[in-house]
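In case you want the letters, here they are:
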Amino acid sequence: MMPVGASPEPSAYGPGCAEARARLEALVDGDLPKAQAEAVRAHLAGCAACRAHHREACSLPPRLYAICPPDPSPDLVPGVLARVRAERIGPFRLWSPLVVELVLFALVVWYLSGPRGLARLVQRAASDVGALAGWGIGLSSLPAVPPGDVFLLLVSGLLVVVTLYHLSLLAARLGPGLL
Amino acid sequence: MQEERTAGVLRLHPAGVGEPRELARAARGGDLRAFETLVRRYQRRVYGFAYQLLRDPDEAQDLAQEVFVRLYRNLDRFDTERPFEPWFWRLAANVAATYRRRRPAPTVELPRTTPAASPEDVSPLERALADLSRELRLPLLLHYYVGLPLDQVAAALGLGPSAVKSRLHRARAVLRRVLVDEEER
Chain A
-4 MMPVGASPEP SAYGPGCAEA RARLEALVDG DLPKAQAEAV RAHLAGCAAC
46 RAHHREACSL PPRLYAICPP DPSPDLVPGV LARVRAERIG PFRLWSPLVV
96 ELVLFALVVW YLSGPRGLAR LVQRAASDVG ALAGWGIGLS SLPAVPPGDV
146 FLLLVSGLLV VVTLYHLSLL AARLGPGLL
Chain B
-17 MQEERTAGVL RLHPAGVGEP RELARAARGG DLRAFETLVR RYQRRVYGFA
33 YQLLRDPDEA QDLAQEVFVR LYRNLDRFDT ERPFEPWFWR LAANVAATYR
83 RRRPAPTVEL PRTTPAASPE DVSPLERALA DLSRELRLPL LLHYYVGLPL
133 DQVAAALGLG PSAVKSRLHR ARAVLRRVLV DEEER
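These protein sequence lines are chains A and B, in that order.
If you're matching positions, the first sequence starts at -4 in the numbering used here and goes up one per residue.
If you're matching positions, the second sequence starts at -17 in the numbering used here and goes up one per residue.
These are computed hints drawn from the structure, not numbers from a lab.
All of these numbers come straight from a predicted model, not from anything done at the bench.
Don't be surprised by glycine CBs; every beta carbon is placed ideally from N, CA and C.
If a hint is listed, it holds; no wrong ones were tucked in.
If you anchor each label on the Cβ, the simulated ranges turn out as follows:
(1) B:Arg167 - A:Ala166: 54 to 64 Å
(2) A:Ala101 - B:Thr62: 48 to 58 Å
(3) A:Pro56 - B:Gly140: 21 to 31 Å
(4) A:Val95 - B:Asp133: 48 to 58 Å
(5) B:Tyr81 - A:Leu97: 36 to 46 Å
(6) B:Thr80 - A:Gly112: 49 to 59 Å
Between the sequences and the hints, there should be enough to build the whole structure, so can you do that?
Next up, the structure:
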């Protein structure tokens, strides 16, 4: 669509109309020198078509002031604040949990010592469950918890917590659509 | 309603200041509540400005959000010895001028108007305004809709006051011709 700014002046006007109409806005704002203002007024006195333009020119500023757009959505302010809060997360805070995660992960890997260690852990867990079941039905006494399993449980729990925290930081910083 | 909410935030704000310049100074120092107060204070005008420019509520929301985020990023550049509004609207005008639509422009919908104005009176005006070239629409909105004086519009757009006045006259002349044409039909 052609911008209105490019639309031509209506052709139905007589001598002096083009000049008078080109000065109407300046006349309304009181920006014309006195002689030019008088000339435009003299033309208006004898030209009904230009008087219609003048009436419209006079009414435009108050009508422009009166334009009332819709209210913004209530999500605008929370949306801005969420983006700003995310921008406040600096690179150090964003990436430092990665170091903790790597240390914890290395600790878990070291403790399990590969697939053989993992198999041993499963065996031990099964034996613990069996002992607990025996205690439950009254066949044996309550088994002692191996300290190594508690250590592994604590490290794994910590790794999960740190990872969730890190993911929340990344989601806030890089946008919710990322995750 | 909006003013009540803003007043509530102002009362809650520890600094108890209402001047945009003071709020900007506090926000620059890391006070997020001062920034929130600033956003609440300007959200209606910024959104309205964006809406008049883009004629699409979702795009306007997006642009308004972008204006405030850019405000936050640029608070360090604000000279607290100078008035806030011209600086802010200059930033808003820059963001608006470089804003890229995410969706194609919609057809013009029926506008909301003030109760005093009849829809027959205002609709053609808003339609004409929507079709105005951006070069003419931006100063018109900053002056008449946002309410900035000419010198502040000039500062916001990086133009001289006479250039702004000339664009305002041209814009109003275009609108006037369209409206007279509509009346004659």
